[in-house]
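*Asks:* What follows is the residue order along each chain.
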Amino acid sequence: MQAIVVHSGEPELVQQAIQGDSSAFGELYQRTLDAIYRYVYYRVGDVHDAEDLIEQTYLKAWQALPGYKAVGHPFVCWLYRIAQNLIMDYHRRKKTDAAVANDLKIDCERLQSNLLKEVIEAEEAGMLAQAIGHLTEEQQQIILLRFVERLSYTEISRILDKSEGACRMLQNRALMALNQILSDGQG
Amino acid sequence: MIMVTSSSVFDPILDRCIASLLEQGKPVEACLLDFPEHKDALEPLLRLAFALQTAGSLQAPADFRMSSASRMNNLIAGVPRRESPIQNRWQRLVRSRWAMLGRAIQRVPANPRFSWVYVTILLVLMLSLTSWGIVNAADQSLPGDALYPVKLRVEGVQLFISTTPVENSRLQIKFTQERFIEVVSLAEQQRAANFSNAIQGYTHQLTATMATLADEQYLPQVDRADLSRVLLDDLTDNEFRLNALLLSIPEKYPLPADFRTAVEEALALIQSSCEQARIWSGLPPANPQSSSPSILSPLNTAQATTHPAQTKSPSPTSTPVPLTPVPLQAARTPSPKSETSDPNVMFTDWPSEWPPLEETLIPAPQWTEVNMPWPTQIALPTAWPTDLMPLPTIIQEYWPTDLPPVEIPDESTPPAWPPDPDEPPDWPSEDWPSE
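Which chain is which? The protein sequence lines are A and B, in order.
So in the numbering used here, spot 29 of the first sequence is number 29, and the numbers just go up one at a time.
Here the numbering used here runs 1000 ahead of the position in the second sequence, where the first position is 1.
For the record, the hints were derived by calculation from the structure and aren't laboratory data.
Ideal placement from N, C-alpha and C gives every residue a C-beta, glycine not left out.
There could be a bad hint or two in this list.
What the hints assert, rightly or not - Chain A regions said to be covered by chain B (calculated; three or more residues, Cβ under 8 Å):
(1) 28 to 37
(2) 59 to 71
(3) 76 to 82
(4) 170 to 182
What the hints assert, rightly or not - If you want the footprint, here are the derived chain B segments under chain A, 3+ residues with CB under 8 Å:
(5) 1050 to 1058
(6) 1115 to 1126
To be verified - Some chain B residues judged to face chain A by a derived CB distance under 8 Å, without partners named:
(7) D1011
(8) L1014
(9) L1022
(10) V1028
(11) P1044
(12) F1064
(13) R1065
Using the sequences and the hints, build the whole thing.
*Replies:* Dropping the structure here:
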């Protein structure tokens, strides 16, 4: 008979994981995997690379848990920052900016016809990821955190280390830039 | 191609519509109805925002979720965790406070509105440190130095902020002594150019101090007496040191022309201040002889007392008269020739009219023969005196009279000793009185 492990809320899980409870960390993994998966996938644009980066994110989180201090924000915010650093290292290694631009030129034609109707499927998601990949680092982050993950300005400001007013301005600029990319692809 | 131009008016509208769309779930059409004048610019952006939020439904594939979980368990078991460097609770607390301060400091420069705060704080700290350094340096300055006016200003501020008359008077006395120390320091450093100014500053400060103490309405009598004693001690020391300075300075460095006059005026002021201070403190007036001798003035002479050498002999019935020192010949006091055109020389010629030393010696006392006849022989008595008082007769009456006369043995013939030592001697039993 398999033992049933009962876990409490997220703060308690985090404390248990800090103390070395692997099952508590596993529970946190299951709860935050979708958010980190979307974040990394839309930033990287490749499924395999994204999965590797996701595993590295959680592995680094497990190693750095003893130094984690909960200050009232969700645990996933801390994971976002770890993932962000790994993605930056990934981009520096891969130098995929040129590749993303080339793919975007081809995919924008397809995106033009399907953008407003169907974006949930994996194929459209891939195209969206590639379109987002054409933005700057900060614009990508704000688009994903604000529109995809629906985080508040307070949480976003902590992740990006910016003020809430700056995050608002960055959000508008990122949305306009993304719309401009799609419009240029159409035109 | 739809061109969207951002503006200070459009950005708040767009942000408001996005907030309504994401947080309240408001449809895009409803947001467009709120701002019809911006419909053309808002619609593509809001539709894109709506499309983006639907992308949030993307989830990790189930196979990836399961496979990655097992891989994670294996990795966690094999990879050691980073131990927290903070083991002590106190260390955590301190580090957390420093971390908060560090984050606060890091964030402020990003906001240019608060940079002036740090600049202002830095300027205030720099001004405080600079002022403190200048005041400390000015405290050791002397007349003629660049920071000497700062020193006087600081003393003026101290007098201004003094709260009680006693405190003000104490500061005045302190500054008087400070002016004298400056005079001595200038002399030791051989700075003749500022010497006259220093002497003048001392006399001015002493005059001000005396005026403060003399104000009966300002200072109570009890406090005036106490402060006068303190001032008297300082002035007594100042007078002595100033006189000693006058003797040592000519050999050390040249003097200004008005140096001597200024010093003599200062000495006169000191002496008059001492007398007044004695009156205030209730002390008796100083004995002219007991006061600190003025080296420049002639030596005082005293009336000579009767010399014991005038008497021929000391009477045994009277105690010898103690000797008193013979006074010097006052008329022979030399006066130095101070008339010279060279201000750098004090004496042109050492006086040579001193009396010879032999005349100043105190003559030894001369004792004469005593005329008192001491007895040379004492006659011893040859016979017992007969005029002594007789013995009391009462004793003679109780002396037994029936005792046999005592036979005085003849020493020429020894008594007969029994030949037998074992035989007891014959006792005169027949003459023994019977009971």
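*Asks:* Of the numbered hints stated previously, which ones are contradicted by the structure, given in increasing order?
*Replies:* 3, 6, 10
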